[in-house]
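Asks: Residue numbers (the numbering used here), protein chains in the order written: chain Y, 1 to 742; chain F, 1 to 170.
Rather than coming from a laboratory, the hints here were simulated on the basis of the structure.
Mixed in with the good hints there might be a few duds.
Mimicking SDA-like on lysine to any residue, the simulated pairs with C-alpha atoms at most 20 angstroms apart in a straight line are [claimed, not checked]:
1) K548/Y to M495/Y
2) K212/Y to S128/F
3) K681/Y to S128/F
4) K188/Y to E123/Y
5) K69/F to E19/F
6) K145/Y to E123/Y
7) K212/Y to G76/F
8) K396/Y to G278/Y
9) K681/Y to E79/F
10) K212/Y to K69/F
11) K299/Y to E19/F
12) K681/Y to D124/F
13) K299/Y to A242/Y
14) K727/Y to L350/Y
15) K681/Y to G9/F
16) K584/Y to F569/Y
17) K299/Y to P17/F
18) K212/Y to E125/F
19) K620/Y to Q638/Y
20) K142/Y to E123/Y
21) K212/Y to T72/F
22) K10/F to K69/F
23) K10/F to G76/F
24) K212/Y to E79/F
25) K736/Y to Q638/Y
26) K212/Y to G81/F
27) K681/Y to G129/F
28) K248/Y to P17/F
29) K212/Y to L30/F
30) K10/F to L87/F
31) K10/F to T210/Y
32) K145/Y to H159/Y
33) K142/Y to D176/Y
34) K212/Y to G9/F
35) K212/Y to L87/F
36) K736/Y to R637/Y
37) K240/Y to G252/Y
One side only, chain F facing chain Y, incomplete, derived with CB under 10 angstroms [unchecked claim]:
38) F5
39) T6
40) C44
Even glycine gets a Cβ: it sits at the ideal position worked out from N, Cα and C.
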Amino acid sequence: MNAVDKTGNLSRRGFLHVTALAGGGMLLGARFPLDGARGAFAATADAATALNAFIRLTPDGIATIMAQNPEIGQGVKTMLPMLIAEELDIPWSQVRVEQADFDSTKYRGQMAGGSMATPMHYESMRRVGAAARAMLVEAAAKEWKTRPEKCTTEAGAVHFKNKSLSYGELASAAADIEPPNPRTVPLKDAKDFRIIGQEIPGVDNPQIVTGKPLFGIDVTVPGMKYAVFEKCRVHGGRVKSANLDAVKASPGVVDAFVVDSTAQAGSAAPSPSMFQVGLPNGIAIVGDSWWLVNEARSKLEVTWDEGSTASQSTESFDRQAEELSKQAPEQDLRNDGDAAGALASAAKTLEAAYQYPFLAHAPLEPQNTTAHFHDGGLEMWAPIQTPQFARGDLAKALGIPEDQITIHLTRMGGGFGRRLYWDYMLEAALIARQAGVPVKLVWNREDDTRFDYFRPGGYHYLQGGLDEAGNLTAWRDHFVSFGEGRRFAPSAEMMPNEFPQGFVPNFALQASKMPLGIPTGALRAPTSNAISFVVQSFIDELAVEAGKDPLQFRLDLLDSAPAGTRTAFDPGRMKAVLELVRDKSEWGKADLPEGTGQGVAFHFSHRGYFAEVVQATVSKEGELGVDRIWVAGDVGRQLVNPSNALNQVQGAALDGLGQALDQEITFDGGRTNESNFHNFKLLRIDQAPPVEVHWVMSDNQPTGLGEPALPPVPPALCNAIFAVTGKRIRSLPISKHDLIWA
Amino acid sequence: MAIAFTLNGKSTTVDAPPEMPLLWVLRDELDLKGTKFGCGRSFCGACTVHVDGEPERSCRMPVSRAEGKEITTIEGLSEDGAHPVQLAWQEIDVPQCGYCQAGQIMSASALLANNPAPTDGDIDEAMSGNICRCATYNRIRAAIHRAADIAQAPSATSHETATGAGGSEA
Ligand code: FES
Ligand code: FES
């Protein structure tokens, strides 16, 4: 950026600074605390305490907004600039969006995850735009010798009486205005929005539909070589010896070597952030063509030290979990009232064991990073959701200062949580350093499927009690999960206030754990994507046992929290979405043919309220088809970009459908069994029903949409299958169940 | 080995191992990055190109089979991004992460070339080899219908909503 700091005009009030640009125009930088940066995600993302934004306004009237957050398909590269442009009062056609590199001196909270972009930035970004507008107005008022209050703005120009000056004409003069206090600068009334609430197509769409290089995997650097990295198939296993010479003799291979980062100087323990990755161990093959180095893997003969995880398998987890369920739980997570006593005296009781499998993230762009050591530093191009954590960890592992590492953020071919972990960046850096040339590491699909930070599987042994009138009086869940001591494996935990806590007088949540050598991590709507299946299915069982309509049973339950009870969410908002989805799906009214049924579920996660109905048809021979999904959601008073909102919700719902139908990751001898899309099956278009989305526009702060529409789908589908077949699905995926009925 | 074919309308010769898949020749030898690697085993369709007008998974096609053929990639589908499918994709705002979309567009354009007014069933059949991990399937269907309209009457205004199925507010 060819900026001259003419003014050095850092606002005394602290947070905005303006710079004149060499060719005319202004650059406004902002830095101030985030609003709404609360909750687990923000609390642990230590950097997420301030936010920065940059607007460059040039004499041609074009406002260039730096998109600071990485784009994984959640639409943030379009949405955050929309917020700024709205308050700046400039037509969207005069806005350009540029992806910022990772730079902790300029931006804070550069992270994609937890559906946090909207709640973190909704107001802050608008304040940046409003501040810039105020400066332009002040510059115009000076010119006209009037007061700023007398001026108005519209369509990228300031107006006063019959005079007007475009933002382009004012940009240089505005660079001399002291920025206002962003906290008190007035914001538009929602009824005056011209951009927020409009369906704005993704800013990268023109490049995407013409195949421009946007993604990490598309990066090229002069002189670079390609690399693959062969790891022990047993998680945590290590290289003992390998026939490196034979591999080096393969066509196209220039080098092959063992990477053992734990044996290298400077490899400290990973930083204690909320996300952690292991230190790489394996064999790098480097050469002139990715395809050739990948082919050379077939020549490898390696002796591995497989380590202790070799004794772990899905079958042994299943067996252990069942044994643990019969023993006293290790740990009480929550106890309200007296669940055991209430179960003993209940009019009716129900017991069921639920389980769900491990899952892979399977973003369509395989993991990759390009790493180049030069001029004493490391330059990287990577699809990464957490650049600040990655850089801190890389600095430690490589023994080089953080400020010597530059990370260019590329567009990501999906993330779903996988790219919160930077294991592939560490691998690329270590390989590039050892190879002594710039290296582009690309995993193949098999690597990507096998070496994931998987959504952990889990087991729930449930008991429920009903009184004479069919009200829920007791709930007990013995959750058998993974971890050691009091620590759960990543994403293998459960919130103690998970529904129906607070809505049932006697509630017990208890846990036992199995040790796990396989890495786990956050998958879109972490924990919720699994827990919702368990809770909303068992609620359905209890409704049937109580002889009540499953949707009405849920509404009654949401009404049952005694006044003053602290619950995890606002029951009124959840009731509203449940009622809306009831009406839109014609729940209980639609005249459905034999073999077709509806199921319902709701779930609160990431501050979003979602209730969904799935309509499914099951033939007598057991063939399942999903006809339609109705979604009712409440994410507050404003959808920033309704086009992207709908896309996200439809995608999340279909993601949940794909998981429920046919996805599982299994292990044998510590190895992942699945390897590619033939045995880890993603949803295809011929399985994808229409997803109809409706909104409750409640008067609450807008919140995010990337995740919360997913969790209700698996249970709603299983409940629909029950409605047709009378068969209760208590383990996923559904494809493992025989759905034949008569 | 030298292999000659027509690529996006231009005659092209590459020197590559004959069994090297066309995908890697396009991406790494010819620097055309629009064709994507997803699975390498013809499961996902991210690498779809046209070979003599027919959709093919370039990850499983040895470059030797390209000899003498006409290959079209996403970069050559139109001069300026104005193929009806490319226009419809932007109008309906199909992409999320966008990674699968080149392959989707190549499959969709091949479908429309053979079947100018496909039904939802035709679309599902022709497109089921193309995975969209972000599951933009509702919009892919809507965009193919829209592209069919644009192709038939280039100036016709949209009668689909820009959001595909559903989308009303309460
Ligand atoms: S990369 Fe060719 S079909 Fe997946
Ligand atoms: S848009 Fe992400 S895979 Fe299709």
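Asks: All hints are to be evaluated individually against the structure, with a verdict given for each.
Replies: To see whether the hints hold, each was checked on the structure:
1. The hinted pair formed by K548/Y and M495/Y fails the criterion: a straight-line CA distance of about 28 angstroms is larger than 20 angstroms.
2. At most 20 angstroms may separate the alpha-carbon atoms for a hinted pair to count; K212/Y and S128/F exceed this at roughly 24 angstroms.
3. Distance hint between K681/Y and S128/F is fulfilled; the C-alpha atoms sit about 12 angstroms from each other, no more than 20 angstroms.
4. A hinted pair counts as satisfied when its Cα atoms are at most 20 angstroms apart, and K188/Y with E123/Y qualifies at roughly 11 angstroms.
5. Under the criterion of a C-alpha separation no larger than 20 angstroms, the hint pairing K69/F with E19/F is consistent with the structure, at around 16 angstroms.
6. In summary, the hint linking K145/Y to E123/Y is not supported, as the alpha carbons are separated by about 32 angstroms, beyond the 20 angstroms threshold.
7. With a CA separation close to 12 angstroms, the supplied pair K212/Y and G76/F stays within the 20 angstroms bound.
8. Distance check on the hinted pair: K396/Y and G278/Y sit about 13 angstroms apart at the alpha-carbon level, within 20 angstroms; holds.
9. Our distance criterion of 20 angstroms between C-alpha atoms is broken by K681/Y and E79/F, whose separation comes to about 36 angstroms.
10. Distance hint between K212/Y and K69/F is unfulfilled; the C-alpha atoms sit about 24 angstroms from each other, more than 20 angstroms.
11. The suggested pairing of K299/Y with E19/F holds, with an alpha-carbon distance near 17 angstroms, which does not exceed 20 angstroms.
12. For the given pair, K681/Y sits about 17 angstroms from D124/F by alpha-carbon distance, which is consistent with the 20 angstroms threshold.
13. A hinted pair counts as satisfied when its Cα atoms are at most 20 angstroms apart, and K299/Y with A242/Y qualifies at roughly 10 angstroms.
14. Among the hinted pairs, K727/Y with L350/Y is consistent with the structure: their alpha-carbon atoms are about 16 angstroms apart, no more than 20 angstroms.
15. Between the alpha carbons of K681/Y and G9/F the distance comes to roughly 36 angstroms, so the proposed pair goes past 20 angstroms and is violated.
16. Straight-line distance between C-alpha atoms of K584/Y and F569/Y comes to about 23 angstroms, which puts the hinted pair past the 20 angstroms bound.
17. With a C-alpha separation of about 18 angstroms, the suggested pairing of K299/Y with P17/F holds against the 20 angstroms cut-off.
18. With a CA separation close to 28 angstroms, the supplied pair K212/Y and E125/F exceeds the 20 angstroms bound.
19. Restraint check: the Cα-Cα separation between K620/Y and Q638/Y comes to about 45 angstroms, which exceeds 20 angstroms; the hinted pair is violated.
20. For the given pair, K142/Y sits about 28 angstroms from E123/Y by alpha-carbon distance, which is inconsistent with the 20 angstroms threshold.
21. In summary, the hint linking K212/Y to T72/F is supported, as the alpha carbons are separated by about 15 angstroms, within the 20 angstroms threshold.
22. Pair hint K10/F plus K69/F holds up; C-alpha atoms about 11 angstroms apart against a cutoff of 20 angstroms.
23. Annotation: proposed proximity of K10/F to G76/F holds, straight-line Cα distance about 10 angstroms (limit 20 angstroms).
24. Our distance criterion of 20 angstroms between C-alpha atoms is met by K212/Y and E79/F, whose separation comes to about 13 angstroms.
25. A distance of roughly 41 angstroms separates the Cα atoms of K736/Y and Q638/Y; the hinted pair therefore is violated under the 20 angstroms criterion.
26. The straight-line distance between the Cα atoms of K212/Y and G81/F is roughly 11 angstroms, inside the 20 angstroms bound, and the hint therefore holds.
27. At most 20 angstroms may separate the alpha-carbon atoms for a hinted pair to count; K681/Y and G129/F meet this at roughly 12 angstroms.
28. Straight-line distance between C-alpha atoms of K248/Y and P17/F comes to about 18 angstroms, which keeps the hinted pair within the 20 angstroms bound.
29. Taken as a hint, the K212/Y and L30/F pair is honoured in the structure, with Cα atoms around 14 angstroms apart against an allowance of 20 angstroms.
30. The straight-line distance between the Cα atoms of K10/F and L87/F is roughly 24 angstroms, outside the 20 angstroms bound, and the hint therefore fails.
31. In summary, the hint linking K10/F to T210/Y is supported, as the alpha carbons are separated by about 18 angstroms, within the 20 angstroms threshold.
32. Distance restraint check for K145/Y and H159/Y: the Cα-Cα separation of roughly 13 angstroms lies within the 20 angstroms cut-off, and the hinted pair is therefore satisfied.
33. Restraint check for K142/Y and D176/Y: satisfied, since their Cα atoms lie roughly 11 angstroms apart, inside the 20 angstroms limit.
34. Straight-line distance between C-alpha atoms of K212/Y and G9/F comes to about 18 angstroms, which keeps the hinted pair within the 20 angstroms bound.
35. A distance of roughly 16 angstroms separates the Cα atoms of K212/Y and L87/F; the hinted pair therefore holds under the 20 angstroms criterion.
36. The suggested pairing of K736/Y with R637/Y is violated, with an alpha-carbon distance near 42 angstroms, which exceeds 20 angstroms.
37. For the suggested pair K240/Y and G252/Y, the alpha carbons sit about 25 angstroms apart, so the restraint of at most 20 angstroms is broken.
38. Against a cut-off of 10 angstroms between C-beta atoms, the interface hint on F5/F is violated, since the closest Cβ of chain Y lies about 18 angstroms away.
39. Among the interface hints, the one on T6/F is violated; its C-beta lies about 18 angstroms from the nearest C-beta in chain Y, farther than the 10 angstroms criterion.
40. For the restraint placing C44/F at the interface with chain Y, the shortest Cβ-Cβ distance is roughly 6 angstroms, inside the 10 angstroms limit, so the hint holds.
Comparing the model with each numbered hint stated earlier shows that hints 1, 2, 6, 9, 10, 15, 16, 18, 19, 20, 25, 30, 36, 37, 38, 39 do not hold.
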